[in-house]
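Model the full structure from these sequences, guided by the hints.
Chains E, A and R are the protein sequences, given in the same order.
Numbered per the numbering used here, the first sequence finishes at 222, counting up by one with no gaps.
Numbered per the numbering used here, the second sequence finishes at 242, counting up by one with no gaps.
Numbered per the numbering used here, the third sequence finishes at 222, counting up by one with no gaps.
What the hints contain is simulated information worked out from the structure, not anything from laboratory work.
Quick caveat, the model's predicted, so the values are computed rather than measured.
Heads up, a few of these hints could be off.
[To be verified] DSSO-like cross-link-like pairs, simulated, lysine-lysine; straight-line CA separation at most 30 angstroms:
#	chain 1	residue 1	chain 2	residue 2
1	A	K74	R	K114
2	A	K68	R	K114
3	A	K55	A	K26
4	E	K159	R	K214
5	A	K55	A	K5
6	R	K114	E	K159
7	A	K104	R	K114
8	E	K50	R	K114
9	A	K26	A	K74
10	A	K74	A	K55
11	A	K69	A	K184
12	E	K159	R	K206
13	A	K104	A	K64
14	R	K206	A	K69
15	R	K114	E	K18
16	R	K214	E	K18
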Amino acid sequence: MWGFYFNELIRSLPFFLKGVWMTVAVAGLSLIFGTIIGFIAGIIRAGRNKPARIIIGAWVDLIRGTPFLVQIFVIFFILPGIGIELDAFPAAVIALTNLTASFITEIVAGGILAVPKGQREAATASGLSHYQQLRFIVLPQAIRSILPPLVGQYVLLVKDSSVVSAIGVVDITRVGWLTVQRIPEGLMVFGLVGLLYFAICYPLINLSGFLERRMTVVSTKL
Amino acid sequence: MISFKNVNKWYGELHVLNSIDLEVEKGEVIVVCGPSGSGKSTLIRCINRLEPIQKGELIVDGMKVHDKKTNMTKIRAEIGFIFQSFNLYPHMTALGNVTIAPMKVRNIPKKEAEKLGREKLTRVGLEDRIDHYPAQLSGGQQQRVAIARGLSMQPKIMLFDEPTSALDPEMIHEVLDVMRDLAKEGMTMMAVTHEMGFAREVASRVVFMDEGQIIEVAPPNDFFTKPQSERGKAFLKSILTH
Amino acid sequence: MLEGFNFRIILEYMPLYMQCFLATLWLSGLSLFGAVVVGIIACAMRLSQSRILRGIAGVYIESIRSTPLLAQLYFFYFGLPSMGIMLPEWVTGVIALTLNSGAYYAEIIRSGIKAIDFGQIEAGIASGLSYFQRMRYIILPQALGNTIRPMLGQAIILVKDSSLLSLISIMELTRAGQVLTSERFTPAEGFLTTAAFYLIIYYMLKAFSGWSEKRLIFREAH
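What follows is the structure, encoded as structure tokens:
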């Protein structure tokens with residue numbers, strides 16, 4: 001019996017690979033948009049405009065205080081009510097982008113605020129504008145403390161992307177769920193699912209750790 | 001009490017202890033001194049196997065420390081070790097620090113351990129700090145708690161690894177006073193220290209080390225006034241003229 | 001849609017929400033307790049002298065960290081029955097949550113332990129305390145005290161993760177939202193109410209984190 005199921009599983013591999021492609025697509029798009037939005041919001045969050053900081057802070061809190069599954073349901077089921085009809089895939093990308101952006105906002109803001117105040121004071125004293133300070137002095141230094149947690153966030157993004165299977169997006173998890181209806185060997189099917197995610201996430205986790213060590217060494221050399 | 005026979009230790013390629021032979025009798029007070037990197041801290045850290053040795057014999061209170069099979073718990077219970085950076089447990093009060101080992105290693109019941117602890121803390125002059133946390137104590141007070149912690153196990157030997165090096169000058173004497181009293185009461189002690197006044201007053205012998213070897217062993221007066229070795233002379237000159 | 005926000009329906013379903021709110025608290029609480037225990041054990045294994053124990057703990061932690069919780073949940077939900085082990089859904093859910101957060105707790109505790117000054121451990125060795133005694137009286141109390149904030153952070157994550165249990169038909173907060181939505185076709189009322197409840201838990205935990213940091217503030221000597 002087990003042998004039979006194993007063969008069936010092998011024959012389902014193309015389906016799993018489609019799932020991998022879908023996971024990569026959803027996560028990848030969300031990564032790009034989320035990073036862009038997150039950086040912009042993060043810079044504002046670390047800036048001088050108090051009302052803007054508070055609004056962004058409230059948005060971040062909202063996203064961090066509620067489960068991602070609920071957020072997806074809100075976007076997928078409620079937006080049509082105000083006239084935005086969405087397919088599962090775009091809804092998933094929007095929800096995941098939203099989630100990622102909020103976390104990246106905090107990472108970026110934290111990195112910027114970690115740059116010693118004296119740096120900005122020196123830059124102001126030499127006449128650099130706020131934008132110039134940001135571009136030439138603050139951000140280059142902030143990047144060092146932003147990069148490792150940023151990559152860590154990308155790992156979380158891939159894992160969180162599994163939740164979009166709940167609205168029918170055919171990613172790795174959904175493929176697993178559909179397959180296990182035909183091949184009732186949960187251990188094998190989801191063992192494969194796990195392996196596929198592992199193949200994506202494990203290298204990223206190591207990259208994050210590697211970056212963390214690299215970044216610390218560079219700053220002590222200064 | 002403590003016997004080093006041809007003890008050798010390496011850190012990789014570095015020969016940190018080179019053919020050490022030393023006998024310490026009960027009741028003796030040995031001061032170990034020498035330039036930094038001479039191996040003096042390593043020497044006393046080997047006695048309770050905080051550092052292992054690779055060659056030779058090290059026998060403490062009749063037990064073979066060099067033998068990997070020896071159960072170190074029994075030996076360590078008889079040795080009080082005082083660190084340069086105190087190493088008090090920050091999440092326990094002075095009394096907590098002093099009673100944890102007697103309760104858990106010697107299995108003394110709590111009431112008795114606390115009585116013993118209070119006694120030792122009073123002995124080092126801290127009876128009004130018994131319920132304070134380390135963060136609330138000065139450096140000198142912390143080191144005295146550390147000494148009380150060592151004494152609460154009622155050890156046969158007390159080892160000191162540069163006990164006053166991390167203290168502000170005005171606090172050094174309060175720690176040395178306690179150490180001096182201990183010496184006068186006949187405790188077997190080995191101390192790595194630069195405090196020459198202390199050495200002159202209570203040491204039975206001074207051990208001068210350099211580059212992992214014992215260069216000279218002599219009673220303090222002899223060593224300080226008439227050092228026999230060239231390196232001993234150079235060392236004394238360097239510490240007396242700064 | 002917003003004009004027609006129907007509070008009456010929410011009131012009507014309030015008993016269900018309250019019941020599910022308690023279910024979420026109970027499921028999360030139980031899993032949290034289990035996760036801390038598992039975390040301590042896994043961490044002790046990870047730091048032990050035995051290569052075998054280190055290996056087992058390492059495999060466990062890396063597998064959890066590199067795979068999504070949903071995949072892990074499905075692994076147990078579909079896998080255990082295929083091994084002949086039939087468990088009520090909520091037990092499967094608690095097992096998945098416990099093992100998942102347990103791995104993260106192991107890492108949190110490990111970093112808390114690493115932050116402890118090695119000198120104290122030497123002092124413990126020098127006074128004759130055994131490995132277990134040092135762990136119990138010196139290392140673990142400080143590690144847990146050092147890491148209150150990340151521990152509570154993971155607790156918040158665990159509560160949000162419990163929303164996934166709705167996907168294996170467990171009646172908790174998210175499922176309450178699904179039920180209201182499917183019975184009355186009001187996704188806004190359904191999921192926004194759910195979100196509100198989660199936010200209550202989130203802010204309560206945040207407040208507790210702030211309070212406990214002040215109370216148990218970790219006193220470092222010097």
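Against the structure, the hints:
1. A/K74 to R/K114: This hinted pair holds, its Cα atoms lying about 28 angstroms apart.
2. A/K68 to R/K114: 27 angstroms, holds
3. A/K55 to A/K26: Holds, because 25 angstroms separates the two Cα atoms, which is no more than 30 angstroms.
4. E/K159 to R/K214: Outside the cut-off at roughly 34 angstroms; violated.
5. A/K55 to A/K5: Holds: A/K55 and A/K5 sit about 9 angstroms apart, inside 30 angstroms.
6. R/K114 to E/K159: 27 angstroms, holds
7. A/K104 to R/K114: 24 angstroms, holds
8. E/K50 to R/K114: Roughly 38 angstroms between the alpha carbons, so the hint for E/K50 and R/K114 is violated.
9. A/K26 to A/K74: 18 angstroms, holds
10. A/K74 to A/K55: Given pair A/K74, A/K55 holds - Cα atoms ~22 angstroms apart, limit 30 angstroms.
11. A/K69 to A/K184: 35 angstroms, violated
12. E/K159 to R/K206: Judged against 30 angstroms, a Cα distance of about 24 angstroms means the pair holds.
13. A/K104 to A/K64: Status holds; Cα separation ~24 angstroms.
14. R/K206 to A/K69: This hinted pair is violated, its Cα atoms lying about 51 angstroms apart.
15. R/K114 to E/K18: At roughly 42 angstroms apart (the allowed maximum being 30 angstroms), E/K18 and R/K114 break the hint.
16. R/K214 to E/K18: 51 angstroms, violated
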